[in-house]
Amino acid sequence: QKEVEQDPGPLSVPEGAIVSLNCTYSNSAFQYFMWYRQYSRKGPELLMYTYSSGNKEDGRFTAQVDKSSKYISLFIRDSQPSDSATYLCAMSARTGTASKLTFGTGTRLQVTL
Amino acid sequence: GAVVSQHPSWVICKSGTSVKIECRSLDFQATTMFWYRQFPKQSLMLMATSNEGSKATYEQGVEKDKFLINHASLTLSTLTVTSAHPEDSSFYICSAPLVGGPNEKLFFGSGTQLSVL
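Protein sequences appear in the order of chains A and B. When the first sequence is numbered by the working numbering, its final residue is 113 and no position is left out of the sequence of numbers. When the second sequence is numbered by the working numbering, its final residue is 230 and no position is left out of the sequence of numbers.
Calculated directly from the structure, the hints in this document are not laboratory data. From a predicted model like this one, the values you see are computed outputs, not experimental measurements. Each hint should be verified, as a subset may be incorrect.
[What the hints assert, rightly or not] DSS-like cross-link-like pairs, simulated, lysine-lysine; straight-line CA separation at most 25 Å:
{"no.": "1", "chain 1": "A", "residue 1": "Lys70", "chain 2": "A", "residue 2": "Lys2"}
{"no.": "2", "chain 1": "A", "residue 1": "Lys42", "chain 2": "B", "residue 2": "Lys133"}
{"no.": "3", "chain 1": "B", "residue 1": "Lys127", "chain 2": "A", "residue 2": "Lys42"}
{"no.": "4", "chain 1": "A", "residue 1": "Lys70", "chain 2": "B", "residue 2": "Lys218"}
{"no.": "5", "chain 1": "A", "residue 1": "Lys42", "chain 2": "B", "residue 2": "Lys218"}
{"no.": "6", "chain 1": "B", "residue 1": "Lys179", "chain 2": "A", "residue 2": "Lys42"}
{"no.": "7", "chain 1": "A", "residue 1": "Lys100", "chain 2": "B", "residue 2": "Lys168"}
{"no.": "8", "chain 1": "B", "residue 1": "Lys177", "chain 2": "A", "residue 2": "Lys100"}
{"no.": "9", "chain 1": "B", "residue 1": "Lys154", "chain 2": "A", "residue 2": "Lys42"}
{"no.": "10", "chain 1": "B", "residue 1": "Lys218", "chain 2": "A", "residue 2": "Lys67"}
{"no.": "11", "chain 1": "A", "residue 1": "Lys100", "chain 2": "B", "residue 2": "Lys154"}
Take these sequences, add in the hints, and give me the full structure.
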């Protein structure tokens, strides 16, 4: 079993839809959770960074962490074609060990006109 | 956010040649940088940790003599793929952590697509 599971998609939604992206994990030591957006043949771009359980909102993006269920989500409201990319979840047990981020495989999102 | 510059963005080389990839932190200093490899539709695989002023730390299964890493300054790390072969063709990405406040965040370069003929 992988430490982090993420549905690879592809996920296709119409413009304006609400998108829900999810990851599950098995390591209860993970406390720092991140979402990265990666366009084709580009490096990942940090979208959201959360610590422990709860919600965090930034513009159209909301990150949600449920440590009791070992489940994290990224919600995208009013999705746009420019949101079409691969979304990677990542997590680590503690700060200062960014090199030991564990990544999901990424979910490919396609927002259609 | 912080900026990490990676160069070149793509390179094609003949089998047996060496290729150097540069990674620079443009607006912050990084005593540590990380090198990843990514195959199509797969996640990032950490290859090694580059340490300024000391030897790099390689992950299990990564050949040190094949992938030479040098961290020449607080803003520059290089990865040299020596005697490249077609199986080394991949997308290579560097990253650098920015320490600010209680949390450390990782910023990535734009990646280098290496194609070995």
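Right, here's what the structure says about each hint:
1. Using a Cα cut-off of 25 Å, the hinted pair Lys70/A and Lys2/A holds, with the two alpha carbons roughly 13 Å apart.
2. Pair hint Lys42/A plus Lys133/B holds up; C-alpha atoms about 18 Å apart against a cutoff of 25 Å.
3. Among the hinted pairs, Lys127/B with Lys42/A is consistent with the structure: their alpha-carbon atoms are about 23 Å apart, no more than 25 Å.
4. Restraint check: the Cα-Cα separation between Lys70/A and Lys218/B comes to about 21 Å, which is no more than 25 Å; the hinted pair holds.
5. The straight-line distance between the Cα atoms of Lys42/A and Lys218/B is roughly 18 Å, inside the 25 Å bound, and the hint therefore holds.
6. For the given pair, Lys179/B sits about 24 Å from Lys42/A by alpha-carbon distance, which is consistent with the 25 Å threshold.
7. Of the pairs offered as hints, the one joining Lys100/A and Lys168/B holds, with about 18 Å between alpha carbons and a cut-off of 25 Å not exceeded.
8. About 19 Å separates the Cα atoms of Lys177/B and Lys100/A, which keeps this hinted pair within 25 Å; it holds.
9. Of the pairs offered as hints, the one joining Lys154/B and Lys42/A holds, with about 13 Å between alpha carbons and a cut-off of 25 Å not exceeded.
10. Using a Cα cut-off of 25 Å, the hinted pair Lys218/B and Lys67/A holds, with the two alpha carbons roughly 20 Å apart.
11. For a cut-off of 25 Å, the pair hint linking Lys100/A to Lys154/B stands: about 21 Å separates their Cα positions.
The structure is consistent with each of the numbered hints, conforming to all of them.
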